[in-house]
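Asker: One-letter residues, chain by chain:
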Amino acid sequence: MSEVKFNDETLAVVHNLIRRYPEGRHKSALLPILHLAQAEFGGWLSPATMDYVASILNIKPVEVYEVASFYSMYNLNPVGKCILEVCRTSSCWLRGADDVIRHIEKRLNIQVGETTADGMFSLKAVECLGSCGTAPMMQVGKDFHENLTLEKVDELLTQFADEDKHSRYCDANTYRKN
Amino acid sequence: MGKKLLLQHDNVPGIDTYEVYRQQGGYASVEKALKMTSDEVVEEVKKSGLRGRGGAGFPTGMKWSFLAKPEGVPRYLVCNADESEPGTFKDRYLMQRHPHLLIEGMITASYALGANTAYIYIRGEYFYIVNILEKAIEEAYTAGWLGDNIQGTGYSLNMYVHPGAGAYICGEETALLESLEGKRGNPRIKPPFPAVKGLYACPTVVNNVETIAAVVPIVNMGGDEYAKIGIGKSTGTKLISASGHIKKPGVYEIELGLPVEEFIYSEEYCGGILNDKKLKAVVPGGSSVPVLPAELSLKTPTGEPRLMSYESLSEGGFISGSMLGSGGFIVMDETTSIVRNLHTFTRFYHHESCGQCSPCREGTGWMEKITHKILDGHGTLADIDLLWDIQRKIEGNTICPLGDAAAWPVAAAIRHFREEFEEYVSNPASIVDVKHYYNIHNLVEA
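Line order of the protein sequences matches chains R and P.
Residue numbering for the first sequence follows this note's numbering, beginning at 1 and increasing consecutively.
Residue numbering for the second sequence follows this note's numbering, beginning at 179 and increasing consecutively.
Bear in mind the hints are in silico, worked out from the structure with no lab data behind them.
Check before you lean on any hint, since a few could be wrong.
Computed cross-link-like contacts, DSBU-like style, restricted to lysine-lysine with a CA-CA straight-line distance of at most 30 Å [what the hints assert, rightly or not]:
id, chain 1, residue 1, chain 2, residue 2
1, P, Lys426, P, Lys455
2, P, Lys411, P, Lys182
3, R, Lys81, P, Lys313
4, P, Lys547, R, Lys106
Please read all numbers here as calculations on a predicted model, not as lab measurements.
Could you put the whole structure together from the sequences, leaning on the hints where they help?
Answerer: In structure tokens:
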């Protein structure tokens, strides 16, 4: 893996984020910076990535580890390029989320929590994403795919398999340059 | 048509842009508020009777008046946009389509509270909305509604968006503040309350997205006028997120006091039950509130029509009532397995418990395992009693309300649908036959 270091453009964004919080409260920027780090360094937070973030914020590495392990959006292990996050809570379940999950499992020949052998897809079952009125749904990167049918799922999987980029929640352009 | 205060411009193309929003009268509440003293603005909110729209329903004006104002210490307004209560998606709708309404409300509220910095803490899963809000905030800075010396009044305000990273618990206001400080989302022991020691140990008000948006019409029309809308102590309008087995799921703005029956069956709202099935049950206020069987959803225990209001939905206490909560209105038809639906909830709370308090950390795990065991066909009658026992031991015994929120749906499911649990444990073969969800092909029955 290449060196863990933000490029100049992202580093400028990181410093802008830090300035959003009062003097001495720069640790507040930890969550948004971890999101950027995960997006830039392979879709997951390796110990090297977390140590790097700690060095940027001048905090102890353990302060990063304890936070990264608390929140469900941070991946602490390598993941597929494309992460399929299917909601399974009440309203989605009522409208067929189980069908969506079973269909993806069968089609990709993996179980929930696993990654395909080619490293392309990971499948996650997640809790309510606030898309109950357009259930069933899955999130891929920052995009919500709603009112799913099995045909729609098939189309999406074909489309994702052709894409080069890994799914990500954010990038250097997410934030305004304040 | 019911009264619309938040979504009145919902069909105006481009309402998410500054130009169109301003043309439709946007930012008038800021202009008006800046000509008043901050205490006068607080007074209008008090008079309006507005209650927190995140779920707890605490009077907003009173919450604001608790804010400590020590000399030389900054105060903060933090918007709770961590919307994660299963069945709730109204804040997402509001922020996505009406970002300037939230920003306008934030400015007016910040002025009233004397805050010069405001944060919008939004759940990380809504990252696409971070883009929308960032763009709208940029427009508001350019137009002179944010930054130094706003509209030449000497009042200054900076506003920032802060993404979370996936944790239901961060919707609890002190967990949210911990998270905003870059830590794990463990709720704090109260007191001190955030109004005294909140963000960075400074006085802080945390309000839900919809609550802050409601400040705009309140200041525009005056608190007394707002209080005339709605019913009794449930003043104003409320956004309801309608989902489940209904013909028209979506976000609806209702005047508080609308009969539940009208909400479910009228064409203006949910349009009736999917495939014209019979109604079995409703979770009226998000996953945490007690489920109500059909008859108690539509009528109070005394036989009056049940209304969409804080008071009417809770009439009868937890024996025969529920709560308005966040307005996450989940409808289940006659084919729904209440036990299976409950399992999605027990699994949810187990997943989301922060682990700080033993009753919640251990109890939510047990409740998930037992509901799973029953669904797996291995349950016993004693398991139902054990489930009841566990939820009782969680309720009231934790630092934050997540424990209660995990306990209530379990209690209500057993209270109202015990025979379904008993059928599952005494006749496991019946579980297989339960048509527990719709096949997603055209949503015809599986």
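Asker: Which earlier hints can't be squared with this structure?
Answerer: none
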